[in-house]
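In our numbering, each residue carries its 1-based index in the sequence shown increased by 19.
I should point out that these hints are in silico values taken from the structure, not numbers from a laboratory.
Hints are supplied without guarantee of correctness; some may be wrong.
To be verified - Below, computed lysine to any residue pairings styled on SDA-like, alpha-carbon distance capped at 20 angstroms:
id	residue 1	residue 2
1	K272	G261
2	K312	N154
3	K312	A297
4	K272	R234
5	K272	Q231
Unchecked claim - Here are the simulated distance ranges between beta carbons:
id	residue 1	residue 2	range
6	R224	D175	37 to 47 angstroms
7	D246	G29	44 to 54 angstroms
8	K210	G91	30 to 40 angstroms
9	D266	D246	30 to 40 angstroms
10	N316	T233	21 to 31 angstroms
11	D112	A229	25 to 35 angstroms
12	G176	A229	43 to 53 angstroms
13	N316	R73	14 to 24 angstroms
14	G159	T23	49 to 59 angstroms
15	A229	R73	45 to 55 angstroms
16	Y158	R47	21 to 31 angstroms
17	H192	A297	20 to 30 angstroms
18	R180	A225	50 to 60 angstroms
Being a predicted model, the structure only gives us computed values, none of them experimental.
Where is the CB? At the ideal position from N, CA and C, for every residue including glycine.
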Amino acid sequence: MSVTPLSLPGTRGRLTHNAPLAPRAWFRSGGPAEALFTPEDADDLAAALRALPRGTPVTLLGACSNVIIRDGGIAGLVIRLARGFSGIDVEADGIVAGAAALDMTLAEHAAAAGLDGLSFLAGIPGSVGGAVVMNAGAYGSDTAAVLDWAEIMLPDGSIRRLDNAALGFSYRHSALPDGAIVLRARFRARKGDPDVIRTHIADIRAARDASQPTRSRTGGSTFANPDGHKAWELIDAAGCRGLRIGDAQVSEKHCNFLLNLGAATSAQLEDLGETVRARVKARSGVALRWEIKRLGNPA
Numbered sequence: 020m021s022v023t024p025l026s027l028p029g030t031r032g033r034l035t036h037n038a039p040l041a042p043r044a045w046f047r048s049g050g051p052a053e054a055l056f057t058p059e060d061a062d063d064l065a066a067a068l069r070a071l072p073r074g075t076p077v078t079l080l081g082a083c084s085n086v087i088i089r090d091g092g093i094a095g096l097v098i099r100l101a102r103g104f105s106g107i108d109v110e111a112d113g114i115v116a117g118a119a120a121l122d123m124t125l126a127e128h129a130a131a132a133g134l135d136g137l138s139f140l141a142g143i144p145g146s147v148g149g150a151v152v153m154n155a156g157a158y159g160s161d162t163a164a165v166l167d168w169a170e171i172m173l174p175d176g177s178i179r180r181l182d183n184a185a186l187g188f189s190y191r192h193s194a195l196p197d198g199a200i201v202l203r204a205r206f207r208a209r210k211g212d213p214d215v216i217r218t219h220i221a222d223i224r225a226a227r228d229a230s231q232p233t234r235s236r237t238g239g240s241t242f243a244n245p246d247g248h249k250a251w252e253l254i255d256a257a258g259c260r261g262l263r264i265g266d267a268q269v270s271e272k273h274c275n276f277l278l279n280l281g282a283a284t285s286a287q288l289e290d291l292g293e294t295v296r297a298r299v300k301a302r303s304g305v306a307l308r309w310e311i312k313r314l315g316n317p318a
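Could you put together the complete structure from these sequences and hints?
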């Protein structure tokens, strides 16, 4: 990390140096951000990007639900989108939501408005920006199936709107330009019965609570499902259910989830994931791909 504290002249948001990130991460582990900036709005975000010294690394954090922040922390500028990027506007046949809006909140707004087709978002523990970046999906649908467009900011502070095709969606992936930051997105929906939609959301919540360790320190699905396989079945067949390294454990309830039982370091969580990958590869020949993003530097 640099010796001279980073400054962002001309910005209005909050800039904090050596900012702890573990309390924000769902795993509750990891080192600090060299500098953490929370912009007020899109104009403020653009001003920050333009004020950055050339070559400064930039990392965007959303809900921190699907990341391992390494123990050495994150160098450069970490940007966290908050209140100024969480608006939700309901339209006749869809919803426009800010990148910081939670997927669950979007699903609930859709239900209240009698808009069907977005209930699956209630089963995704993250934010709209992350859903676009990762083409998040669950319970029979994904972001690519319902997204009309996403508004993004490029590293020079300019804004572009990309339609669904331009985002190049594939399984748990989108082809955003390098360094792009999702600002907001539009999701299309169809008219439906609000009570039926609310019941569907309740069923999704119940199914998720029954099958996943939702009340634990976890990061969601650890590995993407390989073609023709389910990651959890491969992990279970390799004998990894309940496997531990220190306080890092493969969930016994759903073995595609890693848990922090209390004092696990990010290094232990990542080592455990790599151990699982090695055992699955040795038994089945299948190479699991990390779905969780691993950010920052080792301790």
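Taking the numbered hints from earlier one at a time, note which ones the structure violates and give those numbers from smallest to largest.
8, 18
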